[in-house]
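Novice: Chain A is already provided as a structure; the job is to place chain B on it using the hints.
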Amino acid sequence: MIQIDINKKLHGANGEMDLCVRLDILQGDFIALAGQSGSGKTTLLRILAGLEDSNGTISVEGEIWQDGKSSLMPQKRKIGFVFQDYALFGNMSVEQNLLYVQKDRALASKLLELTQLSQLKDRMPSTLSGGQKQRVSLCRAMMNRPQLLLMDEPLSALDPTMRTKLQQEILALHKEFGTTTLMVSHDPSEIYRLAQRVVVLNWGKIINDGTPKDILLKTSGSAKFSFEGELLDIVQVDVIYVAIVAIGQQLVEVVVSDDEAKALEIGQSVSVSTKAFTPRLKRV
Amino acid sequence: MIEMLDGLEFGPFLLSFKLAGITTLILFMISLPLAWYLSQTHSKMKPFWEALTALPIVLPPSVLGFYILVALSQSSPIGVFFEDVLGIKLVFNFTGLVVASCFYSLPFMVQPLQSGFESINKNMLEASYIAGKGKMETILKVALPNIKPALMSAIIVTFAHTVGEFGVVLMVGGSIPNETKVASVAIYEFVEVMDYTKAHIYSAIMVIMSFLVLLSVYMFNGKQKRSFV
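Keeping their order, the protein sequence lines are chains A and B. Mapping of the first sequence onto the working numbering: position 69 corresponds to residue 81, and the numbering continues sequentially without gaps. Mapping of the second sequence onto the working numbering: position 18 corresponds to residue 23, and the numbering continues sequentially without gaps.
Just chain A, same shape as in the assembly (with noise of 0.2 Å):
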């Protein structure tokens, strides 16, 4: 178990802001941590490694890390971090990479094996793609046998097709090595291949908390099929209007009535939603 109740005072970009987190961890589950870019996020995750300070106490199966008096060092703290941008270290190969942690050639290219990178364990990074430098610092965060993973968006930086497969591959190790897992996302569909508990912060607090399902779901009463987009602008074709809205990538064309389109603001979140049909899934 893994208790953390800590607060802190941020000097955000949007001004100053409370952190406030009270959260109870099961060993070896798997969380994805979730909000809006200023919510405490990664501050949150420095915290929980040690890099940075803050009131409250964090405790690790029954280990103090944190209580009001004092504070371990991230050198003592059993924790692997993955970096949004790598941070791996520059002038050492692969292999060695993963041996400045620890000094356990079996372990490395048995993690190296696994995330498939034993061809390239003489390279140096700066010749890696990013898909490949995200393995090795994956790898290199794992070689403590951490208690605690911690991720930063890992995945933000690569294209879909690569996000898939390390996502498979965060997966494995997880299980593998039985680490309790917290990772920063905002990928929906990542979050829920991942994780078996969403918490989103907003402003520096808790918002949410739950399984992926109830929280990534936004369906609501009967309907059953919803999705929320803005609402880029409403036109009137003859008697009707109709509203464009962009889904993720894609625009769509709904039809409103003249006071549906009266009550709406261009600019706005919106919902599309609907009940009364079976929506056909095909191959695209």
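Because the hints were derived from the structure by calculation, they are not lab data. Cβ atoms here follow ideal geometry from the backbone N, Cα and C, with glycine treated the same way. Take these hints with a grain of salt, some might be off.
Lysine-lysine pairs mimicking DSS-like chemistry, simulated, CA-CA at most 25 Å apart [stated by the list, open to error]:
(1) A:K88 - B:K138
(2) B:K138 - A:K133
(3) B:K153 - B:K140
(4) A:K21 - B:K49
(5) B:K140 - A:K81
(6) B:K94 - A:K88
(7) A:K20 - B:K127
(8) B:K49 - A:K88
(9) B:K127 - A:K115
(10) A:K122 - B:K138
(11) B:K127 - B:K138
(12) A:K90 - B:K138
(13) A:K133 - B:K153
(14) A:K20 - A:K177
(15) B:K127 - A:K21
(16) A:K115 - B:K140
(17) A:K115 - B:K138
(18) B:K146 - A:K115
(19) A:K81 - A:K133
(20) A:K90 - B:K140
(21) B:K138 - A:K81
(22) B:K140 - A:K88
(23) B:K127 - A:K90
(24) B:K49 - A:K20
(25) A:K90 - B:K146
(26) B:K153 - B:K127
(27) B:K146 - A:K133
Chain A is faced by these chain B residues, among others (derived, beta-carbon under 7 Å) [claimed, not checked]:
(28) N126
(29) N128
(30) M129
(31) E131
(32) A132
(33) Y134
(34) I135
(35) A136
(36) G137
(37) V147
(38) P150
Specialist: Structure of chain B alone, referenced to chain A:
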């Protein structure tokens, strides 16, 4: 040409290089923690330390030399302490030159190292701490190897700058052959007694060597930058 070089005394050059070598070594050890501190600190005192470190760049060497002379002479507590307690005389000898050069060349070691450390991705250093490594190991195994061009610049420019120093050396050391008479002082003396031939030869040697040193720094840095892209 050969006859001209025949009667030449190379002692001053050897002395210059000995002085530069020892100064560079001492400054490297002093500047490493100082530059690291300056690169990592958010303290309000940072500008104060930075200004103090950079002072030798803007001060006339005679001013610096004068204060060092006063501070190290037997009429000052520091000079008395060194002479009476440790038995070391600090002015008009080689030891005094080393002390003076360390002050004079300090910014040339600290500044490149500091900006090198500042340019390192902070996450890389944090990754090293998380890997369980302390500050010293992180500096030696992660920070320094990742700022090789800055490290090379710091060492070589400090060395070259010490070889080229004149005013401070003359103030603190005078011109005692094989003790404090370095190449730049020797040239000054040749000009004073109007021995232009020797002044020419000495000066030419200084120009060529300085150029070669700088050329090697720039070539090395160019190569390093390409390999890091």
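Novice: Indicate, hint by hint, whether the structure satisfies it.
Specialist: Now the hints, each set against the structure:
1. Taking the CA atoms of K88 of chain A and K138 of chain B, the gap is about 9 Å. The hint holds against a cut of 25 Å.
2. Among the hinted pairs, K138 of chain B with K133 of chain A is consistent with the structure: their alpha-carbon atoms are about 22 Å apart, no more than 25 Å.
3. The hinted pair formed by K153 of chain B and K140 of chain B meets the criterion: a straight-line CA distance of about 18 Å does not exceed 25 Å.
4. Distance hint between K21 of chain A and K49 of chain B is fulfilled; the C-alpha atoms sit about 20 Å from each other, no more than 25 Å.
5. About 23 Å separates the Cα atoms of K140 of chain B and K81 of chain A, which keeps this hinted pair within 25 Å; it holds.
6. Taken as a hint, the K94 of chain B and K88 of chain A pair is broken in the structure, with Cα atoms around 48 Å apart against an allowance of 25 Å.
7. Between K20 of chain A and K127 of chain B the alpha-carbon distance is near 21 Å, which keeps this suggested pair within the 25 Å criterion.
8. With a C-alpha separation of about 29 Å, the suggested pairing of K49 of chain B with K88 of chain A is violated against the 25 Å cut-off.
9. Under the criterion of a C-alpha separation no larger than 25 Å, the hint pairing K127 of chain B with K115 of chain A is consistent with the structure, at around 24 Å.
10. For the hint pairing K122 of chain A with K138 of chain B, the CA-to-CA distance comes to about 23 Å; that is within 25 Å, so the pair holds.
11. Among the hinted pairs, K127 of chain B with K138 of chain B is consistent with the structure: their alpha-carbon atoms are about 15 Å apart, no more than 25 Å.
12. This hinted pair checks out: K90 of chain A and K138 of chain B have alpha carbons roughly 12 Å apart, not beyond 25 Å.
13. A threshold of 25 Å between alpha carbons decides the hint, and for K133 of chain A with K153 of chain B the separation of about 23 Å falls inside it, so the pair holds.
14. Of the supplied pair hints, the one linking K20 of chain A and K177 of chain A is violated, its CA atoms being roughly 36 Å apart against a limit of 25 Å.
15. Of the supplied pair hints, the one linking K127 of chain B and K21 of chain A holds, its CA atoms being roughly 22 Å apart against a limit of 25 Å.
16. Pair hint K115 of chain A plus K140 of chain B holds up; C-alpha atoms about 19 Å apart against a cutoff of 25 Å.
17. Of the supplied pair hints, the one linking K115 of chain A and K138 of chain B holds, its CA atoms being roughly 13 Å apart against a limit of 25 Å.
18. Between K146 of chain B and K115 of chain A the alpha-carbon distance is near 15 Å, which keeps this suggested pair within the 25 Å criterion.
19. Of the supplied pair hints, the one linking K81 of chain A and K133 of chain A is violated, its CA atoms being roughly 43 Å apart against a limit of 25 Å.
20. For the hint pairing K90 of chain A with K140 of chain B, the CA-to-CA distance comes to about 18 Å; that is within 25 Å, so the pair holds.
21. For the hint linking K138 of chain B to K81 of chain A, the alpha-carbon distance of about 24 Å falls within 25 Å, and the restraint holds.
22. Between the alpha carbons of K140 of chain B and K88 of chain A the distance comes to roughly 13 Å, so the proposed pair stays at or under 25 Å and holds.
23. For a cut-off of 25 Å, the pair hint linking K127 of chain B to K90 of chain A stands: about 20 Å separates their Cα positions.
24. Simply put, K49 of chain B and K20 of chain A have alpha-carbon atoms about 22 Å apart, close enough for the 25 Å limit, and the pair holds.
25. Between K90 of chain A and K146 of chain B, the direct Cα distance comes to roughly 21 Å. Compliance with the 25 Å bound is thereby established for this hinted pair.
26. In summary, the hint linking K153 of chain B to K127 of chain B is supported, as the alpha carbons are separated by about 17 Å, within the 25 Å threshold.
27. For the hint pairing K146 of chain B with K133 of chain A, the CA-to-CA distance comes to about 19 Å; that is within 25 Å, so the pair holds.
28. Hint status for N126 of chain B: holds, given a least beta-carbon distance of 6 Å to chain A, under 7 Å.
29. Taking 7 Å as the C-beta contact cut-off toward chain A, the hint placing N128 of chain B at the interface holds, the least distance being around 4 Å.
30. Using the Cβ-Cβ criterion of 7 Å, the hint placing M129 of chain B at the interface with chain A is satisfied: the shortest such distance is roughly 5 Å.
31. Interface restraint check: E131 of chain B against chain A, minimum CB-CB distance 6 Å, threshold 7 Å, status holds.
32. Look at A132 of chain B: its Cβ gets to within about 5 Å of chain A, closer than 7 Å, so that hint holds up.
33. Satisfaction of the interface hint for Y134 of chain B is found here, the shortest Cβ-Cβ separation to chain A being roughly 5 Å, below the 7 Å cut-off.
34. Among the interface hints, the one on I135 of chain B holds; its C-beta lies about 5 Å from the nearest C-beta in chain A, closer than the 7 Å criterion.
35. Checking A136 of chain B against chain A by beta carbon gives a least distance of about 4 Å; that is within 7 Å, so the hint holds.
36. Checking G137 of chain B against chain A: minimum C-beta separation of about 5 Å stays under 7 Å; hint holds.
37. Taken as an interface hint, V147 of chain B checks out: its beta carbon lies about 6 Å from the nearest beta carbon of chain A, inside 7 Å.
38. Because the beta carbon of P150 of chain B sits about 4 Å from the nearest beta carbon in chain A, less than 7 Å, this interface hint is met.
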